[in-house]
Amino acid sequence: MSVRVEGLTKIYGEQKAIDKLSFQVEKGQILGFLGPNGAGKSTTMKILTGYLPPTEGSVEIGGFDVQANPKEIRRLIGYLPENNPLYGDLYIKEYLHFVAGFYPIKNPSARVSEVIDLIGLTPEKHKKIGALSKGYKQRVGLAQAIIHDPQVLILDEPTTGLDPNQLVEIRSLIKALGKEKTLIFSTHIMQEVTALCDRVLIIKDGKMQANDTLQNLQSTFQGEWVTTITFQGPFTLEHFKKIKDVQRIRQIHPDVIQVITAPGIDVRPLIFKQAVKDDNIIIGMQQDRRSVEEIFQKLTGSDIQ
Amino acid sequence: MWVIYKKELTTFFNNLTGYLVLGVFLTVMGLFLFVFPETSLLESNFASLEPFFEMAPSLFLFLVPAITMRLLAEERQLGTLALLLTKPIDEMGLVIGKFLAAVSLLFLALVPTLFYYITLYFLGSPVGNLDTGAIMGSYLGLLLLGSAFASIGMLASSLTESQIVAFVLAVTGCFLFFYGFYFLSGLPVFFGKWDALVQQFGMDYHYHALSKGAPDTRDLIYFLSVIAIFLLITRFVLQYRIRS
Chain L
0 MSVRVEGLTK IYGEQKAIDK LSFQVEKGQI LGFLGPNGAG KSTTMKILTG YLPPTEGSVE
60 IGGFDVQANP KEIRRLIGYL PENNPLYGDL YIKEYLHFVA GFYPIKNPSA RVSEVIDLIG
120 LTPEKHKKIG ALSKGYKQRV GLAQAIIHDP QVLILDEPTT GLDPNQLVEI RSLIKALGKE
180 KTLIFSTHIM QEVTALCDRV LIIKDGKMQA NDTLQNLQST FQGEWVTTIT FQGPFTLEHF
240 KKIKDVQRIR QIHPDVIQVI TAPGIDVRPL IFKQAVKDDN IIIGMQQDRR SVEEIFQKLT
300 GSDIQ
Chain C
0 MWVIYKKELT TFFNNLTGYL VLGVFLTVMG LFLFVFPETS LLESNFASLE PFFEMAPSLF
60 LFLVPAITMR LLAEERQLGT LALLLTKPID EMGLVIGKFL AAVSLLFLAL VPTLFYYITL
120 YFLGSPVGNL DTGAIMGSYL GLLLLGSAFA SIGMLASSLT ESQIVAFVLA VTGCFLFFYG
180 FYFLSGLPVF FGKWDALVQQ FGMDYHYHAL SKGAPDTRDL IYFLSVIAIF LLITRFVLQY
240 RIRS
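Sequence order for the protein chains is L and C.
Following numbering that gives the first Met the number 0, the numbering of the first sequence begins with 0 at its first residue and continues without gaps.
Following numbering that gives the first Met the number 0, the numbering of the second sequence begins with 0 at its first residue and continues without gaps.
Check the hints yourself; a few may be wrong.
Calculated lysine-lysine pairs in the PhoX-like style (CA-CA distance at most 25 Å, straight line) [what the hints assert, rightly or not]:
hint, chain 1, residue 1, chain 2, residue 2
1, L, Lys127, C, Lys5
2, L, Lys136, C, Lys5
3, C, Lys5, L, Lys92
4, C, Lys5, L, Lys124
5, L, Lys105, C, Lys5
6, L, Lys126, C, Lys192
7, L, Lys206, L, Lys297
8, L, Lys70, C, Lys5
With the C-beta cut set under 8 Å, the calculated list includes, among others, these residues of chain C facing chain L [to be verified]:
hint, residue
9, Lys6
10, Leu77
11, Thr79
12, Leu82
13, Pro87
Bear in mind the hints are in silico, worked out from the structure with no lab data behind them.
Model, not experiment: these values are computed from the prediction.
Ideal placement from N, C-alpha and C gives every residue a C-beta, glycine not left out.
Working from the sequences, and respecting the hints, build out all of it.
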């Protein structure tokens, strides 16, 4: 089931939260929705679910227009809202039964048990939601989103606040779910996109910065090499800028700079010589191709020239 | 809608609100009607439930907002409103489901008070010397009044994330609608000409009319319209204020 978004715009008062977004996701694809906090990710997702009306543009899920067919859409999608809101005073089973009650499910009890197993909630299934750890709460949030076996899953920051082990587990769950469904999830963590997505959509200030497959993005932006240099004590930034072949330099930390060059050019010897000349102490130097993090930084404009 | 209804009713009895409301209502009523001599049914010379129906609205004024304050404010505060409204249910279903749950709790609070009726029935001289029609009318009036208070409470609860604010708003709203118009009619502007009309906007006027024992469709229509109007405004608030 495909999700098709056309020219989506949302204006709050004077502020454009999202500006003419268009994209498309197909069944079996995982779309990573990436952007800094406040870029409009949650707003877009709320519009996708039909919770918020768009100011302009349209969303079509499986051929249904979201605004015109709210009931059909709500049966087709599973949604995990931002911050995973839950009723702390309900038991896991009780809560999942409640959610199941909204949908025409033939045998709710069997389905609830099945989902509890699938999501890995079994060891905690007799607890109240309020007593669960963050990782398990997140699982309950996912469980309620898939209880009716929806075709389309929309997950708003499903991995915020998890510890590294929980992260790995929730990611593998998402990956497994993405195989049979159309899955859209948002995050501001780059590694997540590398780990999960087929397609990446990067937005900043509500505007689309990139909409491509991960490989394409990487090859497009690998037109640059980055050398990271760590100093001990003071250094003269201006002198390094004058080195031949250096395109630009950004300071990512008081003691750390990154020198950007065209691919295939190794500026390390020249940098070393310059440092010796200025009596600067280099304690680390490493050359990399652009990482996905940097693509993200470049596209969302947090890079320092 | 019934999913919401069922959940709310379970929640009332899971987190003690339900027991508390029933307990407080019945205890206070019991004290006034059987223990405190001023208002005791046993001290009275007439077999009448009038003291009960006179006091019940004042208790409802606080109890009903206490029941309804949680209903929408908590969903807003937890963020679960976004969750519910992306399930296959519309705002009206949500509002009505919760409203009916609150009304059911009121109904449950009233059922045990039939005991007062039975007591009086046998205390009458001769036995059964009681205006049953008036009592049934009063019960109907009380249930409608409670429901109208609940609809005001729903609106108050939809306006804020804070349950305390919702409670205060609801008590104020219920008070104004119950007594407010009566007091308003006392203003010199209305005196003589308009005072009767102004009084008819108040709930107490229709509540007392119903307790006379001959239900008038106008009183029924009054309460049902008040309920419908407040629930519709609540729906409107959910639809436009929260989602914009």
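Tell me, in ascending order, the numbers of any earlier hints that this structure violates. Of the numbered hints given earlier, the structure breaks just one, which is hint 6.
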